[in-house]
Amino acid sequence: MNWMRAFTQSLDGYLWANVQAMCTSFKQELLNGSHAFGTQGANGVRTVTTKDVFKLALFLVSASRGVADTVYNTTGELAGTGNYTQGGTTLTNATVPTTSGTTAFWTPSASAVWAALTSSAAFDCAVLYNDTSTADLEVAVFTFGSQTVTAGTFTLTMPVNDAANALVRIA
Amino acid sequence: MRIHILREDGTEDDVDETLLVKTEGVVDDDNEHTTWVEYRFPQSDVIVHRSAHVTIKRWPHGLGGDLGGFGDKESA
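So the sequences go chain by chain: G and R. According to our numbering, the stretch in the first sequence is residues -14 to 156, in order. According to our numbering, the stretch in the second sequence is residues 1043 to 1118, in order.
Any given hint could be a false lead.
[Claimed, not checked] Covered stretches of chain G (in silico footprint by chain R; criterion: 3 or more residues with CB under 8 Å from a CB of chain R, positions within the stretch not fixed):
(1) 115 to 123
(2) 135 to 141
(3) 144 to 152
[Said to hold, decoys possible] Listed next, the in silico DSSO-like pairs over lysine-lysine satisfying Cα-Cα at most 27 Å (straight line):
(4) Lys12/G - Lys1099/R
(5) Lys36/G - Lys12/G
(6) Lys1064/R - Lys36/G
(7) Lys12/G - Lys40/G
(8) Lys40/G - Lys1099/R
The hints are simulated quantities; they were obtained by calculation from the structure and are not laboratory data. No residue lacks a Cβ here, since even glycine has one placed at the ideal position from N, Cα and C.
In isolation and in its complexed conformation, chain G is listed as follows (with noise of 0.2 Å):
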């Protein structure tokens, strides 16, 4: 669990962590209509009719991301070297939002993927932001297992699109 590896961290003196979350001010954009994670006839008086562009960015373990970001910024991001451009990649999303039951979700149609990488040092979250907005709303933090990546491959698949695992969901 997130908020046990953050604790033993803080016990062994490291006073940072990554931890998971879906950012407190992206609920708050979503009541003012700040993301269109897909299109469609809003309401009467506006219509979304382009979708926003979301990208992944990768952070460091010694990086500080979670619940209280309200944007994504590059403190702690990979340097921008082997191979790694700063501002992450741009998500396909090809897949519209959706309900099942009493759930909305969206997930992302394509796996983030970054060829040819030597990472600057180890990695072990990846932050996904609404790269359409002027401010660069981040929407969510992820981690995992720290990782090193070199002249390699990293790979984030996305879970599978339905109201248990999707990577966005509001139940």
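Following the hints, complete the assembly by docking chain R onto the known chain G.
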């Protein structure tokens, strides 16, 4: 099979897999399923190639669906 490597001097190269020592691993828990592979030259501890593939299993922190009520008990 040719493996792309990063040599200690910082240069990159493609070498035959048979010249390298291969190590593979799997991490599987509630959060992720990860496989990784790394290569070294024999008699060396330096990793010259490492790839990893992470599958995020599910999001543990979805949004709740609570609705507020109208008014409050004292004024009702």
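List, from low to high, the hint numbers that the structure doesn't satisfy. When the structure is compared with the hints, numbers 1, 6 turn out to be violated.
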